[in-house]
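When we follow the numbering used here, the leftmost residue of the first sequence carries the number 182, and every step to the right adds one.
The hints are all genuine.
Calculated pairs, DMTMM-like style, for lysine to aspartate or glutamate (alpha carbon to alpha carbon, straight line, at most 20 Å): (1) Lys-241 x Asp-285; (2) Lys-241 x Asp-524; (3) Lys-241 x Glu-525.
Don't read these hints as lab results, they were simulated from the structure.
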Amino acid sequence: MRAVATPALPADPLSPIRFNVLAGPPADGETRARLGRMETPHGVVDTPVFMPVGTNATVKALDPDDLHEIGAQIILANTYHLSLRPGHVRIARFGGLHTFMAWDGAILTDSGGFQVVSLGDRLVIDDDGVTFRSHLDGALLRFTPEHSIAVQEALGADIAVCFDQPVPPHASSHAQVAEATERTERWAERCLTAHIRRDQALFGIIQGGLEPDLRTSATAAIAALPFDGLCIGGLAGDETPEQRRATLDVVVPLLADDPRPRYLMGLGSPMDLLDAVDAGIDMFDSVLPARVARNGSLWTPDGRLNLRNAAFLDDPRPVQEGCRCRLCRTFSRAYLAHLFRADELLAYRLATCHNLTFTLDFMTRIRSAIAAGTFPQLVRELRARQARNSPANDSGRDTQADTSVTQAAAKGG
RNA sequence: GGGUAGGUUGAGCAGGUGGUGAGCUCCGCUGACUGUAGAUCAGCCGUCUUCGACUGUGGGGGUUCGAUUCCCUCCCUGCCCA
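Construct the complete structure from the given sequences, taking the supplied hints into account.
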């Protein structure tokens, strides 16, 4: 299959981002994990990196000071949501997303393509673009690759992303996957043509579902275009970890000689991140840690705590012993449990601070292990711990086991 | 003391004017969440031997084949008048 591999492009000297692999995968092939450093117009991003999601120009419940404290170097915002409200033109009048939301770190905007899937039945897709109804007021809207790029240029993030058509999540036939994948390839070229801002990077998106042949062709097609980075879409859905890994094992080797960052869209649970880093991914984003935090689930090395459970009402301990976050530094489990029951807003901020700190510290530990050449040991250790903590018949999506597995990682950092 | 409206599963209610009251919202319990229409959603929430069964409409009594419903009486609560 190496024959299909994309001819390596030289790094674009005009690219607004500069990505360097500091520690590449060892020659023995035990892992494809790599340590990187991405320079953006708004600071350095150490990879592998997790990007907190701030759909509406805010990481829900947090402000930029919180984000800095957590250690966020780059966050994600959403083209679709911001174009509807408050409107990208308005944001542009305020000098762009960075000044509007007072965030001086890096920003990546998602293209709105994901809404094509998440807005489900309300849409009609044709070769030119997507027509659908606003989730805010039902107004009929149309997104095309050109429109998405125009909005993203107005928003002015450091990195824009191509408008794509994610593969429908459930039981898609090969023909349906092929249609979405090939359309995404055609749209990628249109996005590239439409994108003119020189101070903004543009990433292409590889689709292909779980079909090896389509992933192969999509990788070749997208990697052949002069993007600044490559996204892998459609892999944070309802597939199993094994299916995801198998797909990454198709895509990433084709990019072995490619100098650009690889971004797996939508992944966020600790074990999933570990596996994907092992498969050679550099960038991630997910709503998971923040959403789960708002709903009362706190990630710790010993597993996941649901702070709404009665057991925590009398628990004087911090959520996680030794954690550096705002919550654990100061407050008890009992206090947080009380805040959740009383529907107090502070609960959301503190819980979000914790889960994002946990996730970013986990990434720090991963980077340290890669730098030290001990990443394979880390993977083995955490997988063994997961196997120990979950019954043999485990489905592989047991979050309890998943987070408990990160104990060693959290301790190390 | 007189009048009046009530007393339904932790709370608040719906329903029921003689023919099988376990229905709702809170509270409570548990689970889920992966490029955010999500501070959301789902299940449970009288008892038990839980695909079903049983009990339950303030207490007691009466009429009746049958009472949550009709009658008597007592208790409790709100309001009005003394």
